[in-house]
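Asks: I would like the entire structure built from these sequences, with the hints used as guidance.
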Amino acid sequence: MKVLTLNFLTCAVKSCKSSSDSFPLHPKDAELASDDVEVNPELLVNLLPRLDWKALKTTSTELGFPQLPDSPPTIDELQSDDKLLKDLHSLLMETNLMEGKLVCGVCGHEYAVREGIPNFLLPSHLV
Amino acid sequence: MEYLIRFSQSHETFRLPEIQALAVLEGIEMEVVSYSLDSPFCIVRLPSTSPSDLEASANLARKLIRRSILAMSIHELWGHGPSFASVHSAVKSSTPHLWPQYLTCSFKFTLDSYQGSRTSDQKVAMINSFSYLGFMGPIKMRHPDQEFTLHEDWPFNSTPLGIPEPKHLYFTRHLGSGMRDLPKKLDLKKRRYISTTSMDAELALITANIALAGPGKLFYDPFCGTGSFPIAVAEFGAVALGSDIDGRSIRGDEKKKTLKGNFEQYGLLGRLGGTFTADLTNSPIRRLPLGAPGDGQRGRVFDGIVCDPPYGVREGLMVLGVRDPEKTPWVERKGREMYKQADFIPPRKPYGFLAMLDDILQFAAQTLVDNGRVAFWMPTANDEEQEMPVPSHPYLETLSVSTQVFNKWSRRLICYRRIPDKDVDPAAVQAREERKLVGKTADELNPFRKAYFEGFQTPPATGTSTPTPVAQTPPPN
Numbered sequence: 001m002k003v004l005t006l007n008f009l010t011c012a013v014k015s016c017k018s019s020s021d022s023f024p025l026h027p028k029d030a031e032l033a034s035d036d037v038e039v040n041p042e043l044l045v046n047l048l049p050r051l052d053w054k055a056l057k058t059t060s061t062e063l064g065f066p067q068l069p070d071s072p073p074t075i076d077e078l079q080s081d082d083k084l085l086k087d088l089h090s091l092l093m094e095t096n097l098m099e100g101k102l103v104c105g106v107c108g109h110e111y112a113v114r115e116g117i118p119n120f121l122l123p124s125h126l127v
Numbered sequence: 001m002e003y004l005i006r007f008s009q010s011h012e013t014f015r016l017p018e019i020q021a022l023a024v025l026e027g028i029e030m031e032v033v034s035y036s037l038d039s040p041f042c043i044v045r046l047p048s049t050s051p052s053d054l055e056a057s058a059n060l061a062r063k064l065i066r067r068s069i070l071a072m073s074i075h076e077l078w079g080h081g082p083s084f085a086s087v088h089s090a091v092k093s094s095t096p097h098l099w100p101q102y103l104t105c106s107f108k109f110t111l112d113s114y115q116g117s118r119t120s121d122q123k124v125a126m127i128n129s130f131s132y133l134g135f136m137g138p139i140k141m142r143h144p145d146q147e148f149t150l151h152e153d154w155p156f157n158s159t160p161l162g163i164p165e166p167k168h169l170y171f172t173r174h175l176g177s178g179m180r181d182l183p184k185k186l187d188l189k190k191r192r193y194i195s196t197t198s199m200d201a202e203l204a205l206i207t208a209n210i211a212l213a214g215p216g217k218l219f220y221d222p223f224c225g226t227g228s229f230p231i232a233v234a235e236f237g238a239v240a241l242g243s244d245i246d247g248r249s250i251r252g253d254e255k256k257k258t259l260k261g262n263f264e265q266y267g268l269l270g271r272l273g274g275t276f277t278a279d280l281t282n283s284p285i286r287r288l289p290l291g292a293p294g295d296g297q298r299g300r301v302f303d304g305i306v307c308d309p310p311y312g313v314r315e316g317l318m319v320l321g322v323r324d325p326e327k328t329p330w331v332e333r334k335g336r337e338m339y340k341q342a343d344f345i346p347p348r349k350p351y352g353f354l355a356m357l358d359d360i361l362q363f364a365a366q367t368l369v370d371n372g373r374v375a376f377w378m379p380t381a382n383d384e385e386q387e388m389p390v391p392s393h394p395y396l397e398t399l400s401v402s403t404q405v406f407n408k409w410s411r412r413l414i415c416y417r418r419i420p421d422k423d424v425d426p427a428a429v430q431a432r433e434e435r436k437l438v439g440k441t442a443d444e445l446n447p448f449r450k451a452y453f454e455g456f457q458t459p460p461a462t463g464t465s466t467p468t469p470v471a472q473t474p475p476p477n
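Those sequence lines, one after another, are chains A and B.
Residues in the first sequence are numbered consecutively from 1, following UniProt numbering.
Residues in the second sequence are numbered consecutively from 1, following UniProt numbering.
Treat the hints as calculated values from the structure; they're not laboratory data.
Some hints here could point you the wrong way.
Cβ-to-Cβ under 8 angstroms is the rule here; a few derived chain B residues that face chain A [what the hints assert, rightly or not]:
{"hint": "1", "residue": "218"}
{"hint": "2", "residue": "276"}
{"hint": "3", "residue": "279"}
{"hint": "4", "residue": "332"}
If we take Cβ atoms under 7 angstroms as the criterion, some of the chain B residues that face chain A in the derived model are [stated by the list, open to error]:
{"hint": "5", "residue": "270"}
{"hint": "6", "residue": "274"}
{"hint": "7", "residue": "275"}
{"hint": "8", "residue": "277"}
{"hint": "9", "residue": "282"}
{"hint": "10", "residue": "284"}
{"hint": "11", "residue": "301"}
Using N, Cα and C, we set each Cβ at its ideal position, and we do this for glycine too.
Replies: Put into structure tokens, the structure is as follows:
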């Protein structure tokens, strides 16, 4: 699963949805893999306004990537700065979470990730 | 200028929604001049900047059709009419200014007879009757510079019935072709990993077209199975996310036969955003409640959602939970004790088909960007009395309903557009909140499943008629 997808995932437990601490999920014992993907500036420009930048910054730090700036670049900045585009591409599109756990900051529920596929199914007492 | 689209005479009700979607995707204002479900010929008008700038319009026509699965080709329409003579007079009266451009280039003539045939002598005579065009260039049967076609639309069964003349004729210059061959590339028979309910490659690609999949876009399939739809949208350039309540369908044999392996097979791995095991009714996708304040965009992440949800016949329709928590309290108790173990499988309960369709629409309304599209398949009985209504949602506008007919049942592809918040009708939102759906058993919850297993018989209120034997139909999902 790409780091991009992590930016869209929160805790599946309904009572956690209202709390801002349930997002982003925190990777634990994460094993990462890197793929070679062609840079797609159109995609990044399109997705930039939909990314939760604060969450991305947290995820990036937790995965051991260099610190992201506090506020997101504007679309113009992204388009004109080749290095920024490449860095963001490498983080979002090329980095895959393969094994480990995703932990909710509110209820502490751990979602296991196996072979790049996290499991968000809940036991019945949490549904 | 008018253009002739030559469709394939198959999946008829999908043809217009597909080409209209492609017009939206390419930003072309297309006006349909004439179209009928019974004919593969469709006349459209495209905008032209100036009458002399025909090449610009021709390029629009090529762009319009380049991704189409159901349109075979598009042509510049030089003349048409109900008889051979009327085609000639139309060509002579309206196109002489076009002829000089093609005087010296290489060219060929072809005859495209739909539901009819001509002897080779007749063909030559018909082609020679266009000699007044005065083309002097070499005739090349392979890769000519220009291809001129006389299309004939014959009535059904014209040869055995001995009908002498076609209904309508068109004379055209060929401009561009669609992607009729793309389904072969994604053919299920050659795909590494499929399951019983994998969607046919052609229909998956058409679904992707209707939902406006394209480069730079993000798409999601909440019932991805072996990945037919994610593959189709990725083929058109979108990045795809997929989830399924049954993780085994994503993992496959955990070697080569996996959803990821399918992406690998087609060289699309870079466009697989991620897959996860999840239930749509307890989805981990972040989203804001509808009507939440804000710019109306943040929090909504998908350009499109495409899916073929389980119909509850071949694939059970399940969500997380316990069917009867009072009768079987130990199921939940065991879950509490064991859910942290790696091999724990959460219990599931049957769920309502209509409730699930409603959940899809609600999810789409919460996660699609403005004008984003959701396209999904649903089954229905062919009998009008048992037909299932097209579900609706105040935040979604129904754009098209296309039907694939089987023997006693059909399935429909329904496409909706996310209406921007400011254009949503508050009265419809209010009405939606006032209704609720209830039920417990699979049949109560799923009128389609019930009708399917009862053989789609109409209620015996109107007298006694013996049911007629029917041929075997493929079982639905």
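Asks: All the hints need checking, so say for each whether the structure fits it.
Replies: Hints versus structure:
1. 218: holds (6 angstroms)
2. 276: holds (5 angstroms)
3. 279: Hint holds; residue 279(B) Cβ to chain A Cβ min 6 angstroms, cut 8 angstroms.
4. 332: holds (5 angstroms)
5. 270: Holds: closest Cβ of chain A sits about 4 angstroms from residue 270(B), inside 7 angstroms.
6. 274: Check passed: Cβ of residue 274(B) comes within 3 angstroms of chain A, closer than 7 angstroms.
7. 275: Hint on residue 275(B): holds, closest Cβ of chain A at ~6 angstroms, below 7 angstroms.
8. 277: holds (4 angstroms)
9. 282: The hint holds - residue 282(B) has a Cβ within 7 angstroms of chain A, the shortest such distance being about 5 angstroms.
10. 284: This hint holds: residue 284(B) lies near chain A, its Cβ roughly 4 angstroms from the closest one there, short of 7 angstroms.
11. 301: holds (5 angstroms)
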